[in-house]
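Generate coordinates for the entire structure from the input sequences, incorporating the hints supplied.
According to the working numbering, the residues represented by the sequence shown are 4 to 778, in order.
No lab work stands behind these hints: they were computed from the structure.
Treat the hints with care, as some may be off.
Under the rule of at most 30 Å between Cα atoms (straight-line distance), these lysine-lysine pairs were calculated in the DSSO-like manner [stated by the list, open to error]:
(1) Lys685 / Lys588
(2) Lys40 / Lys588
(3) Lys734 / Lys720
(4) Lys482 / Lys390
Label pairs and their in silico Cβ distance ranges [stated by the list, open to error]:
(5) Lys557 / Asp138: 39 to 49 Å
(6) Asp62 / Gly171: 44 to 54 Å
(7) Ser88 / Glu60: 14 to 24 Å
It should be emphasised that the depicted structure is a prediction, and the values quoted were computed from it without experimental measurement.
We put the beta carbon where it would ideally sit given N, CA and C, even for glycine.
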Amino acid sequence: MGNINIFLFFLFLLPLLVSSAENNVYIVQFRGHNGEKALHQIEETHHSYLLSVKNNEEDAKASRLYSYQYSINGFAAVLTPDEASKLSELEEVVSVFKSEPGLYTLQTTRSWEFAGLNEGKEGGRGRHGFKMGEDFLSRAKYGQDVIVGLLDSGIWPESESFNDVGLGPVPKSWKGICQTGVAFNSSNCNKKIIGARYYLKGYERGYGRLNETLDYRSPRDMDGHGTHTASTVAGRHVANVSVFGLAHGSASGGAPLARLAIYKACWPIPDVEKAVGNTCYTEDMLAGIDDAIRDGVDVMSISIGASRPLAFDEDAIAIGALHAAKMNIVSACAAGNSGPAPATLSNNYPWIITVGASSLDRDFFGPLVLGNGLKIMGGTTPYGLEKKHPLVNAADVIVPGVAKNETAQCLPGSLDPEKVKGKVVLCMRGVGIRVAKGKEVKRAGGVGLILGNLPDSGNERPLDFHVLPGTVVSSDDTKRIIQYIKSTKNPTAIISPGKTVFNAQPAPSMAAFTSRGPNPIDPNILKPDITAPGLNILAAWSEGAPVTKLSFDKRFVKYNFDSGTSMATPHVAAVAALLKAVYPKWSSAAIRSAIMTTAGLRNNRGMPITDQNGKMATPFMFGSGHFRPAKAADPGLIYDALHEDYLLYLCSIGTEPEPKFKCPGNLSSTVNFNYPSLAIPKLNGTMIVKRTVTNVGGNGKSVYFFSSKPPAGISVKASPSVLFFHHVGQKRSFTIEVKARGTARKLLKNEYGFGWYSWNDGIHNVRSPMAVALA
4 MGNINIFLFF
14 LFLLPLLVSS
24 AENNVYIVQF
34 RGHNGEKALH
44 QIEETHHSYL
54 LSVKNNEEDA
64 KASRLYSYQY
74 SINGFAAVLT
84 PDEASKLSEL
94 EEVVSVFKSE
104 PGLYTLQTTR
114 SWEFAGLNEG
124 KEGGRGRHGF
134 KMGEDFLSRA
144 KYGQDVIVGL
154 LDSGIWPESE
164 SFNDVGLGPV
174 PKSWKGICQT
184 GVAFNSSNCN
194 KKIIGARYYL
204 KGYERGYGRL
214 NETLDYRSPR
224 DMDGHGTHTA
234 STVAGRHVAN
244 VSVFGLAHGS
254 ASGGAPLARL
264 AIYKACWPIP
274 DVEKAVGNTC
284 YTEDMLAGID
294 DAIRDGVDVM
304 SISIGASRPL
314 AFDEDAIAIG
324 ALHAAKMNIV
334 SACAAGNSGP
344 APATLSNNYP
354 WIITVGASSL
364 DRDFFGPLVL
374 GNGLKIMGGT
384 TPYGLEKKHP
394 LVNAADVIVP
404 GVAKNETAQC
414 LPGSLDPEKV
424 KGKVVLCMRG
434 VGIRVAKGKE
444 VKRAGGVGLI
454 LGNLPDSGNE
464 RPLDFHVLPG
474 TVVSSDDTKR
484 IIQYIKSTKN
494 PTAIISPGKT
504 VFNAQPAPSM
514 AAFTSRGPNP
524 IDPNILKPDI
534 TAPGLNILAA
544 WSEGAPVTKL
554 SFDKRFVKYN
564 FDSGTSMATP
574 HVAAVAALLK
584 AVYPKWSSAA
594 IRSAIMTTAG
604 LRNNRGMPIT
614 DQNGKMATPF
624 MFGSGHFRPA
634 KAADPGLIYD
644 ALHEDYLLYL
654 CSIGTEPEPK
664 FKCPGNLSST
674 VNFNYPSLAI
684 PKLNGTMIVK
694 RTVTNVGGNG
704 KSVYFFSSKP
714 PAGISVKASP
724 SVLFFHHVGQ
734 KRSFTIEVKA
744 RGTARKLLKN
754 EYGFGWYSWN
764 DGIHNVRSPM
774 AVALA
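Here is the structure:
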């Protein structure tokens, strides 16, 4: 009888277990708007919908995580697939999509000077006196009273970069709060950090209650990423900054008097030793964007990207940024760190500024001296090995039971102490955390680390503070080291300490990791839009995070280096903030256009920008080029867009746009969207493309002449080819005829060709990149 009871109990329990296993977080979006309603009214409405599919009041109440008021009209709730399906069948529901765990992740003493903005104190002159950049900063009042919202991992408020000395009252437009929590109280907000919030519901639904040894249950940053991006966009001037003696100088954000609003939506993956960055749940991010819009931010800096291309109706950042654009909020977002593979971009929609990453003219080099006398310049830590030590290639160390590729990449537990003790070890980059490779070498008794680049990483040399003397070398130099090791019975190496050097190599060059086009969502919109410094960027850091962010490291710093499109994004967000200060009535599209059409295509040697292997880079890597902040302050002409244009764009790609908006019957191709760049993925003969520019030049009367450098085998003509303007704000439309010549088929076989077209009045050169492939 007892066995029967147990059997019956499990029969009863089984449906509950299945039901629990099927529960997921879904985002439910309704037609109509919520902005005019009070939040409690919205919550009551959402509760009634949940009650219609749940068993009782308690279940309905417990299932709802967030109600969204401004980013979308909708809510996030824990639902079974059946419950989600029932809601999706309602006429008033636009979409229901499941939150996907792990989908989103977090993707300066020199960078602003390199970009042409002075690096001195607010109101002072930079080291090299960039007068144009200085004038721009002065006109923008250094971003004073512009509010930048950061969706990130929080902030370390005690950093000197966030002091509020001399700042005026909090802008009257601000409607946000300073949310308190663990190690974060109301005094941690000030006239610089004017607001802070955190979002945990989605994360804790996925991982369980936050492990508070890994992060603070508050807006405080234990990761470092959020502090770094916040100080890059709006950090105050701080003198005498360096990290272990490297990159000594003054640190400053691009808009040092702008105000910061922090929205912490990214949290650590519990197994931190295996984690690369944090994870950001869809529902948490959307709640942060919703609050940012409500709070009154002017610019959003979002250094977050998805692991795969997302359709609009499942992309939280795209959905939130569209509603932000309606409120004229600029959204600068990371292109992603999935390069150099093609079509790997995140944040692909035209209302977003999509930012790629490139290098600075500053490196940290020290010679690696091989036993044959060959000197190789490596990206080296500030500590080295002054004496010769035996050198071994990890790939040559055969370890029983360990795959050769694991040993070659010095993965944890892969090295044999008897074979590497006392030696410098060559480990290949690729799989695994770079600093963890050095830890493995040290565990096995090695005394030094050489990180060898694979071909995809080329000449890229990221700076890491290894746990032992270490250096990173280019893929070509890696081959030379391997050849040397094979050529002698007793190979040796000396790793010299690294030093800060300037102009040692062409800059900017594109970072290997920066994600590439073509746009995987809509190839008619050329992405990324722009590139900015994102390699070895120095900025403020969380004193709760070791310099390497790994738990075994006990070194803590106030400023640190980091790399990624995450670091490039706040550079562009800062320029957007400065432009907001100078032109408060400009649309977000106008600001994007100004940044794009004034970008540069050449490096510090006067040559075209190259990729990580020294080959000529393309718009699929840098978009319009490398940002030039001071030039963006006077673009001459802009390519503007209204919120309705974005809705029509969504109609054109077959997506139902904003609720109550009816798509017209005669939709134009998205190639005709009024974008500051041009992409034609399937040119069949001749295509006519439409564009409209608006005169924003200081002199209302001007005449612009068309010119172009089309892709090989392609001809480009504009009609009209001369544009006459009589006053500021005047618009002029034109068409561009793009035609494949007889040689095009041979020149562009199975690939894109690149070029540009521009309008020039003798003062302004309004340049747009082109990418063309044949059908």
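These are the hints, each one checked on the structure:
1. For the given pair, Lys685 sits about 37 Å from Lys588 by alpha-carbon distance, which is inconsistent with the 30 Å threshold.
2. Annotation: proposed proximity of Lys40 to Lys588 holds, straight-line Cα distance about 27 Å (limit 30 Å).
3. For the hint pairing Lys734 with Lys720, the CA-to-CA distance comes to about 20 Å; that is within 30 Å, so the pair holds.
4. Between Lys482 and Lys390 the CA atoms are separated by roughly 23 Å; this keeps the pair inside 30 Å, and the hint holds.
5. Between Lys557 and Asp138 the Cβ separation comes to about 46 Å, which falls inside the hinted range of 39 to 49 Å.
6. Asp62 and Gly171 have their C-beta atoms about 50 Å apart, which keeps the hinted 44 to 54 Å range intact.
7. Hint check: Ser88 to Glu60, Cβ distance near 22 Å, so the stated range 14 to 24 Å holds.
In summary, the structure is inconsistent with hint 1 from the numbered list given earlier, while agreeing with all the others.
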